[in-house]
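Chemist: Using the sequences and the hints, build the whole thing.
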Amino acid sequence: MGLVEAIIISIIAASTPLLLAAAGELIVERSGVLNLGVEGMMIMGAACGFAGAWLTGSTFIGALFGIAAGMALSFVFAVLTLGLAVNQVAAGLALTILGVGLSGLIGAGFVGEKIVPAPQLYLPVLTGIPLIGRILFGQDGFVYVSIALVVGIWWFLYRTRGGLILRAVGDSHTSAHALGYPVLKIRLLAVLFGGGCAGLAGAFLPLAYTPFFIPGMTAGRGWIALALVVFSSWLPGRLVAGAYLFGAVSILQLHAQAFGLGIPSQLMTAMPYLATVIVLVIISRARGAAGSVAPASLGIVFVPDR
Amino acid sequence: MKKLLMTAAAAALTLAATAFNATAADKIKVGFIYLGPVGDLGWTYMHEVGRQMMVKELGDKVETTYLENVNEGPDSERSIVQLARTGHDLIFTTSFGYMDPTLKVAKQFPKIKFEHATGFKNAPNMGTYSGRFYEGRYIQGVIAGKMSKTGTLGYIASFPIPEVISGINATILGAQTVNPNIKLKIIWVNTWFDPGKEADAAKALADQGVDVIMQHTDSPAAMQVAAQRGIYAFGQDSDMIKFGPKTQLTAIINNWGPYYVKQAKAALAGTWKAEDTWDGLKEKMVLMAPYTNMPDDVKALAEKTEAAIIAGELHPFKCPVIGQDGKAVECKGGKNLDAGQILGMNFYVKGIDDKIPGGK
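If you read the protein sequences in the order shown, they are chains P and Y. Oh and the first sequence: position 36 is 35 in numbering that gives the first Met the number 0, straight run, nothing missing. Oh and the second sequence: position 254 is 253 in numbering that gives the first Met the number 0, straight run, nothing missing.
These are calculated hints, taken from the structure and not from any lab test. Source: prediction; values computed, not measured. Don't be surprised by glycine CBs; every beta carbon is placed ideally from N, CA and C. There could be a bad hint or two in this list.
Straight line, CA to CA, 25 Å or less: simulated BS3-like cross-link-like pairs of lysine-lysine [unchecked claim]:
1. P:113 / Y:245
2. Y:349 / Y:120
3. Y:272 / Y:106
4. Y:241 / P:113
5. Y:55 / Y:28
6. Y:106 / Y:241
Chain P regions said to be covered by chain Y (calculated; three or more residues, Cβ under 8 Å) [as the list claims (entries may be wrong)]:
7. 2-11
8. 42-49
9. 162-171
10. 250-259
Modeler: As structure tokens, then:
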């Protein structure tokens with residue numbers, strides 16, 4: 000395996016959890032809800048995903064556990080923000096704190112346990128193609144799911160009636176309500192979907208990336224996913240670009256250090272974040288021409304008149 | 000006679016007033032501030048093992064509390080104050096970044112005893128303690144130098160502080176004794192704990208031809224990557240053999256328990272003093288995990304090196320220590336660099352082809 004190939008494989012792996020979590024949050028925000036609890040749902044997905052895989056010996060069932068855990072936590076968020084009209088920012092932050100604490104409790108018994116890491120796809124001949132074989136046909140399932148997820152989200156948002164309604168709810172909940180669409184029900188589904196994606200993103204870490212569970216192992220990736228949604232200006236295509244850019248810069252800076260390029264490591268570590276800020280500035284300057292802006296109802300509580 | 004009694008009484012009063020800790024207690028409350036989660040299997044986990052040893056040895060004479068996942072900096076100050084306000088008599092703060100917050104809180108609560116791990120600032124009621132981890136790293140360097148076929152070792156470093164830099168230097172000095180041309184690739188990850196990033200760094204090192212990985216970060220992620228790639232690694236803080244049964248050569252084990260027991264006993268007896276404790280292999284504050292996955296001659300060499308360090312015959316920073324510029328570093332300790340030079344180390348030794356981030 001050549002160095003370039005190895006680097007690209009590492010980049011894809013580093014980008015995948017960000018892409019999974021951000022894709023879910025994109026749908027949540029498109030429905031007009033701001034759920035800042037992604038980190039909490041991810042770490043719950045990591046703990047429960049590992050527990051599931053350890054108990055059953057199956058990565059697939061582990062991933063389902065992770066999705067279920069993320070959805071369960073997001074349901075709590077939905078009850079608070081949609082049912083009780085609690086402030087979304089506060090509820091989201093509380094969700095992260097709850098998730099971090101609860102995952103430590105659930106995961107405590109699994110610390111130091113080992114599982115078989117997620118299997119990687121192997122297609123005879125195809126996987127053996129030099130340079131691109133491993134990259135295209137030799138990844139684990141999570142990578143393919145993340146790509147399929149974003150393609151599916153793009154198709155849903157722009158090619159289906161459901162997507163149109165979801166966007167309408169996010170842009171003006173009062174109009175959508177007046178037209179007779181069940182705003183809260185649509186938002187509930189969006190929040191649950193986002194929770195499932197965050198849970199899956201979290202499960203990716205102990206199931207495939209570093210096959211063991213340790214509390215706090217998401218290490219802030221949920222927050223990066225949130226930033227990526229803003230970075231993408233709520234567009235699926237840009238979300239993929241953003242996630243891979245972030246993954247690429249964070250892996251390349253490690254290689255640059257190992258090569259001894261002599262650039263200060265603090266600057267190197269800040270590079271992904273700097274790149275994100277720079278691209279954000281460029282996008283917002285170009286927004287008039289090509290960009291989309293935030294859903295107009297984002298973060299605003301909706302109480303239907305009865 | 001009466002005058003003598005008066006003097007004695009006055010002396011006793013003064014003594015009682017100044018030496019606040021000179022009274023024995025039946026029971027004390029002991030608090031711990033942890034950087035990571037207790038289940039990190041690394042740094043925080045080993046402090047937790049130490050706390051549990053204290054509870055086991057002292058039973059109901061101590062009541063302990065710990066706060067985990069406490070960020071360094073302003074967050075930690077609030078947590079330390081919280082322990083101080085809730086009646087803790089002795090508080091251990093267990094990360095370098097807690098140094099200034101601990102000092103600040105120690106001044107606000109002069110009656111409470113504080114102990115800060117791995118720092119260098121003291122107060123009348125604040126002691127410091129740390130392990131001479133560089134001794135273990137020197138042994139690891141010797142082993143790595145023998146085991147590496149590519150002649151290139153990899154080092155995953157956290158933050159450019161003296162403890163990490165002295166570890167890097169001790170490693171290459173050890174490795175140079177068996178392979179004068181050994182190379183060391185260093186990656187700074189600027190975090191103590193992020194398994195994903197630690198794994199990424201280990202992958203990058205392996206991809207670039209490193210065949211022995213060392214780490215100064217807290218999770219077993221690098222060990223797992225090394226196991227997948229079929230190369231060697233060392234455990235950090237605790238014995239990580241179960242994450243790499245065929246990968247781990249040895250591990251540096253931080254053995255805090257005996258110290259925690261000793262200091263709690265001192266606090267109970269009223270003999271606690273703010274001291275500066277820095278113990279190594281000899282005092283068993285630093286232990287080496289069994290030497291595994293290596294030929295017998297390498298194992299014998301590692302054991303010999305360990306024995307020599309314990310006996311005081313070998314010091315990793317024995318003068319002359321040659322800096323990167325090729326000049327000998329001033330030898331303040333006579334035969335070896337002195338404690339201050341090691342605890343404040345801010346230079347690389349000759350043989351490291353890199354620069355300290357933000358350094359000279």
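Chemist: Under the constraints set out in the numbered hints, which ones does this structure not fulfil?
Modeler: 2, 6, 8, 9
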